[in-house]
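Enquirer: The residues making up each chain are set out below.
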Amino acid sequence: MKLLGFIIVCLVGGFLLYGTGELPDWGDPQSPASLHLSNDYIEHAVEETQVPNLVTAVLADYRGFDTMFETAVVFCAGLACFLLLRDFRPRKDHYYRHVPTGVVLHFKDNSKRLTVGKEFEDMDKEWVPSDTVIKTVCRMLIPFIQIYALYVVAHGDFSPGGGFQGGVIFGSSLILLAISYNLKTLVKRVSEKVLSILAALGVLIYVGIGAIAMLMGGNFLDYSKLAPLIPIDPGHIRAIGMLGVEIGVGITVMAVMVIIYINIVSEGRHEEGL
Amino acid sequence: MADFLALIVAKYNYWLYIILMMIGLYAMVAKNNLIKKLVGMNIFQTAIILFYVSIGYKTEGTIPIIQNAHGGHGGHGAIIHAADYINPLPHVLMLTAIVVSVATFGVAMALCVRIYQRYQTLEEDELRMRLSEK
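Residue numbers (the numbering used here), protein chains in the order written: chain W, 110 to 383; chain D, 14 to 147.
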C-alpha cells in the first residue's frame, strides 16, 4: 500500500510539474490572473467603496454574498462539533478539594453533594494545580491579545485585518485562558449558552444588514441604501456597512473557535480536559 | 541543463507548492493513522493556499491597500496603477479558505474523537477489523 501510494504520488507530482511549464512566471505582472477582474478592483474599488484595503472591499462588498455563506459554513462547523460530541450525562463521581488544606474528597455516590463555596471547590479527576508563572503571564497577556483582536476587527477597512482574523485572535485568547488555568475557568466566565448565542448572532448580524438594505429598497447587502439610517457622511456609508458585517463575522468566528476547542478537549463533557 | 535551471528559478513557487501538496497527498494515501491523514490533509490545503497567494504576486507590487486614498477626496487623487498593487482576489479567497479549513479540521477532529470513544483505536486496519467482526 505504501509503495502504491508512493507511485501514485510520484505520477501525480510529475504530471503537475510537467504542467507548470505552461503557467506564468513568478511575479509576472502580465499573468492571466492579474489581467482581467483584479485590475478593475484595484483601479475602481476606492471610488466605488471608499475603502482603501482592497482585500476587505472585495471580501465584504463585491463578494459579500460569498462571505456570508463562508460565515454560515463556520457556524455549521461549530454546530456539527457540538452535535457530535456534547455529552449531557451526569458524572458518576464527584471530586471536591478543601481549599485551606488541599485535601481531596471523592464522592462515589451520585446523590450526595457538597455545596461549593469558599471552603470547598469542585474539581476534576485529573486535576493538577496550574503553574503560577504560566498563570500570571497569561493573565497579563490575555487582555492585550483581546484589545489587539478588537483593533484588527475595527481597522479592517484601513489596514490588514478584518473579521476573520480578529475573531480567530479573540477566540485564541479565550483558548489560552482555558490552557493556562483550566477548562472550568473558561466555561464559568463564558458559558456555553453565551457562546452558542454569539455564534448565531454573528451570522444574524450579517444577514440582518443585508436584509435591512433590501428593506430600504436596494439589493441584498447593498450598503449604500443604509445611508438614511446612519447620520454620517454618505461617502463612507459602504465602509460602515462593511464594518458591521466584519463585526458579525468576527463574533461568529470567535464563538465557533471556542466551541470547537471546548468540545474536543473535554470530549463534550465541558469539565475535564486540557 | 542551464535552460532547465532557469525554468525552475522562474517558476519555483509552483515547485514548492507541488512538493508540499505531494507530501500531503502521500500522508493521506499511505498513512494508517487517521490523525496523520488529517495532518496530511492540512498540508495539502496549505499547499493550495500557497499556490493561490503566489499567483497573485507581482514583482514591484505592494500590498493591496491603496495609499493616501482619502488625500484627494472625490476621485481627484492620483491615478491608481494596477501594476503597483498585487492582486487582491486570491488573498480574499484564501482568507476565507483558511478559516473554513480550521473549522472543517475541527469537525474532522470531533469525528476522530467519536471514533476513538467507540472503537478505542484510530488505526485504519484495526478499525476495519473491528467493523468486519460485527
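One or more of the hints may lead you astray.
Said to hold, decoys possible - Quick list of in silico lysine-lysine cross-link-like pairs, DSS-like style, CA-CA up to 27 Å:
id	chain 1	residue 1	chain 2	residue 2
1	W	K227	W	K244
2	D	K24	D	K147
3	W	K111	W	K201
4	W	K201	W	K221
5	W	K201	D	K49
6	D	K50	W	K111
7	W	K302	W	K244
8	D	K24	W	K111
Hints were generated in silico from the structure; no laboratory data involved.
Enquirer: Would you mind marking each hint as holding or not holding in the structure?
Expert: Against the structure, the hints come out as follows:
At roughly 20 Å between alpha-carbon atoms, K227/W and K244/W fall within 27 Å of each other, so this suggested pair holds. For a cut-off of 27 Å, the pair hint linking K24/D to K147/D is broken: about 53 Å separates their Cα positions. Under the criterion of a C-alpha separation no larger than 27 Å, the hint pairing K111/W with K201/W is inconsistent with the structure, at around 45 Å. Our distance criterion of 27 Å between C-alpha atoms is met by K201/W and K221/W, whose separation comes to about 11 Å.
With a CA separation close to 34 Å, the supplied pair K201/W and K49/D exceeds the 27 Å bound. Restraint check for K50/D and K111/W: satisfied, since their Cα atoms lie roughly 13 Å apart, inside the 27 Å limit. Simply put, K302/W and K244/W have alpha-carbon atoms about 26 Å apart, close enough for the 27 Å limit, and the pair holds. At most 27 Å may separate the alpha-carbon atoms for a hinted pair to count; K24/D and K111/W exceed this at roughly 30 Å.
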